[in-house]
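In order, the protein sequences belong to chains P and H. Counting along the first sequence from 1, when you hit position 12 you're at 12 in our numbering, and nothing is skipped either side. In short: position in the second sequence from 1, add 1000, done, that's our numbering.
These are computed hints drawn from the structure, not numbers from a lab. Note that the structure is predicted; figures quoted are calculated from it, not measured. Hints are not guaranteed to be accurate.
Here are some chain P residues pointing at chain H (derived, C-beta under 10 Å) [to be verified]:
id, residue
1, E176
2, M177
3, L183
Cβ atoms here follow ideal geometry from the backbone N, Cα and C, with glycine treated the same way.
There are 2 protein chains.
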Amino acid sequence: MNPPRAEPPDAAAEGSQSGMPAEHALLGLLAMREGGTGHGYELARSFGPEAPLGSVIRLEPGMVYHHLKKLERLGWVTVAPDASPDRPARRPFALSRDGRGELRRWLMEPVAHTREIRLEFLVKLYLALALEPALALRLIDEQRGILERLIDSLSEQRELGETAVNAESGSIHFGEMVTDMRLAQTGAALAWLDRVRTEAATVAVAAGRSDASRR
Amino acid sequence: MNPPRAEPPDAAAEGSQSGMPAEHALLGLLAMREGGTGHGYELARSFGPEAPLGSVIRLEPGMVYHHLKKLERLGWVTVAPDASPDRPARRPFALSRDGRGELRRWLMEPVAHTREIRLEFLVKLYLALALEPALALRLIDEQRGILERLIDSLSEQRELGETAVNAESGSIHFGEMVTDMRLAQTGAALAWLDRVRTEAATVAVAAGRSDASRR
DNA sequence: AAAGCCATGTAAGCTGTTACATGATTTT
DNA sequence: AAAATCATGTAACAGCTTACATGGCTTT
Chain P
1 MNPPRAEPPD AAAEGSQSGM PAEHALLGLL AMREGGTGHG YELARSFGPE
51 APLGSVIRLE PGMVYHHLKK LERLGWVTVA PDASPDRPAR RPFALSRDGR
101 GELRRWLMEP VAHTREIRLE FLVKLYLALA LEPALALRLI DEQRGILERL
151 IDSLSEQREL GETAVNAESG SIHFGEMVTD MRLAQTGAAL AWLDRVRTEA
201 ATVAVAAGRS DASRR
Chain H
1001 MNPPRAEPPD AAAEGSQSGM PAEHALLGLL AMREGGTGHG YELARSFGPE
1051 APLGSVIRLE PGMVYHHLKK LERLGWVTVA PDASPDRPAR RPFALSRDGR
1101 GELRRWLMEP VAHTREIRLE FLVKLYLALA LEPALALRLI DEQRGILERL
1151 IDSLSEQREL GETAVNAESG SIHFGEMVTD MRLAQTGAAL AWLDRVRTEA
1201 ATVAVAAGRS DASRR
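Based on the provided sequences and hints, a complete structural model is requested.
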C-alpha cells in the first residue's frame, strides 16, 4: 500500500548512537586482554553472575555472538585465525584500529541523563579504571559537570513550578513531585561520584607509580 | 531446520507481566474520565509534552492505538458505539469490569526495583492521586517497605564486600562502587518518598472532606 | 559410555520506533 | 482555498529475549 521506503534509515549511522553499552563493553574487554583478542564464549563469561561486569550488565551468550557480528560489520573487530587448533574450534576476535579509536572516544564521553549512570556510566567506569585510570579520572570530572548542569536546570524548573502551582493549585503538585524525584536522584549520583573520584585518584596514582617503575 | 516451536509462548500470560506502565496508564486515564470512556486521539494528548503524564512517559499516537488494541485483546477495554456522529468518526473505548479490577490490582502493587521508580511508580502515583488519594497513601507505604528492605540487603552486601576486598584487594573495589551507587539511589528515592507522603496525606484528607460533604 | 562443559550460533516471537497514509472537519 | 487540527491507523524495521540446535572435547 505504501511505496517502499525511499532509503533504508541510514545504514552508515548504525554505530553512531551514543548508547550501545553492550557493544562497547565487548570492545573494552578485548582491549583488556593481552593481544586484544578473545572469542565469544570467553567474552560471554565476563557477563556472568560472578564477573564484575555481570553486576552491571547481564548478557546471554546468544546476545554476545549477536553483538560481535555487529562489531565485525562496523569494522571495529576483525576475525583472527584460530591459534590453538586442539579444542572445539574458536573464532578469536581482535580489536581493530577503528575499534580502539571508537572505544577511546566512548570512554571519554560522559552520559547525558541520570538514568544512564546505573548501566552505561558504570560500564565506562569499570573499563576506564581497568585500562587507563587517568582516563577514568577525566571521565568522572566530565560526568560531574554534566550532573551539576542538570541540577541547575532542574532547580530552575522547580522554582518556576512553585509559582505556577500557587497561582492555580491544580493537578496537585505532581509536576513538582517529578522534578523533586529527579533532583534527588541526580544529587545522589553526584555525591556518589565525588566519593568514587577519591578512590579513582588513588588507583591512578598507583598506576602512575607502576608506570614509572617499569620505565 | 528446527522443528516448529511446540507451543506459542503462553498467549494466556500476555498481560501478566508486572510492567506495562503504558497500558495501565491508559486504563487509568479511562477511569479518570466520566463514563470511563475515551478515544485514541484524546488519550494520546494525555501523553504529550504539556500533559502531566507527559513529563513521565511519552507516547506517540501510533503507540497509543497499538496499546489500545492490546487492551482490547486482553478484554480490559471494550469498544463503545460512537455517540457523536458529527466529527470524524471516533472509536470510543470503555473500561471493562476486568479492566477496572486489573487497574486496581496494579495501583496497589509497589515496584520491585529502584530503577522502576522513575517511570512506573510515578505513573502509579499520578493515577492513584487522581483517582483515589487513599490508595496513593497505601501505595506509598508499600513502596517505602520495599525500598527499606532493599537498603538492608544492599547494606549487608556492602559489608560482605568490604571484608572480601581487604582479603584480596583485587578488581579495585568496583563491586563496592556499584553497591554504593545503588545504596545512594535507593536512599534518595526513600527520602523523596517520605516528602511525597506528607503531600499525599494532605490531598487524601482534602478528598475525604469533600467525600463527606457530598454525602 | 554418559554426563557435562566448551563453543558457536539460529529461530521465532515479542516490543518499540519512526515514518507515513488517509481522510474528515474546522479555522484562517 | 489553504492550513491546521482531528482521528485512525499501517509499513518497515531494529532490537531484545528465550529457547533450542549442533557438535567437539573432557571427565567420571
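(request) Return the numbers of the hints above that this structure violates; sort them in rising order. (result) When the structure is compared with the hints, none of them turns out to be violated.
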